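Enquirer: Assemble the whole structure, with the sequences as input and the hints as a guide.
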Amino acid sequence: MNLEPAEIFKILGVDTRVKIINLLKARGPLGANEIASQLRITSSAVSQHLKILKHAGLVRNERKGYWIPYEIDHVALAQCKELVTNVCNCGCRGTCQAQGQGARSAEEYLAVLRKRENELLEELEAVQARIREMQDNA
771 MNLEPAEIFK ILGVDTRVKI INLLKARGPL GANEIASQLR ITSSAVSQHL
821 KILKHAGLVR NERKGYWIPY EIDHVALAQC KELVTNVCNC GCRGTCQAQG
871 QGARSAEEYL AVLRKRENEL LEELEAVQAR IREMQDNA
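If you want our numbering, it's the position in the sequence shown, counting the first as 1, plus 770.
These aren't lab readings, by the way, just hints derived from the structure by calculation. Every value quoted in this text rests on a predicted model; they were computed, and no experiment measured them. We put the CB at the ideal spot given by N, CA and C, even for glycine. Treat the hints with care, since some could be wrong.
Ranges between beta-carbon positions, derived for each pair [as the list claims (entries may be wrong)]:
no.: 1; residue 1: Asn907; residue 2: Ala881; range: 34 to 42 Å
no.: 2; residue 1: Leu883; residue 2: Trp837; range: 14 to 22 Å
no.: 3; residue 1: Glu887; residue 2: Ser807; range: 36 to 44 Å
no.: 4; residue 1: Ser817; residue 2: Glu878; range: 43 to 51 Å
no.: 5; residue 1: Gly798; residue 2: Asn772; range: 43 to 51 Å
no.: 6; residue 1: Ala776; residue 2: Ala876; range: 32 to 40 Å
no.: 7; residue 1: Ser807; residue 2: Gln898; range: 28 to 36 Å
no.: 8; residue 1: Leu782; residue 2: Glu893; range: 31 to 39 Å
no.: 9; residue 1: Arg902; residue 2: Glu852; range: 18 to 26 Å
no.: 10; residue 1: Gln905; residue 2: Ala876; range: 37 to 45 Å
no.: 11; residue 1: Asn888; residue 2: Asn792; range: 16 to 24 Å
Expert: Below, the structure is given as structure tokens:
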């Protein structure tokens, strides 16, 4: 994935594309018709969004007979997250979000940081589970 941050924001700035990504993350590989049915939009609209997401490298597909399932490219999605995180110009790599939430005292700031720590721990657990799953399937 060799996209500029502005391109990523443009691609992910469309609610339907984010819904498609979230659906694929939750349900795994799906065909365009099933995505259309789940999101209650036309198959042609889904196909256009999938084309853009595929061009960006965020989803991929591989024909399986007559069925063409689309799935998340987890590596590209992680790179996308990294790219978006790096937009912050303070060098915090996304942790300064706590300061922007109106924390007025050290206690409030600490509470926000602890909340962020818990979010990161949950994310780490999900990544570790995915690694174990991939190792078991290898």
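Enquirer: Looking back at the numbered hints, which does the structure fail to meet, lowest number first?
Expert: Violated hints: 2, 5 and 8; rest satisfied.
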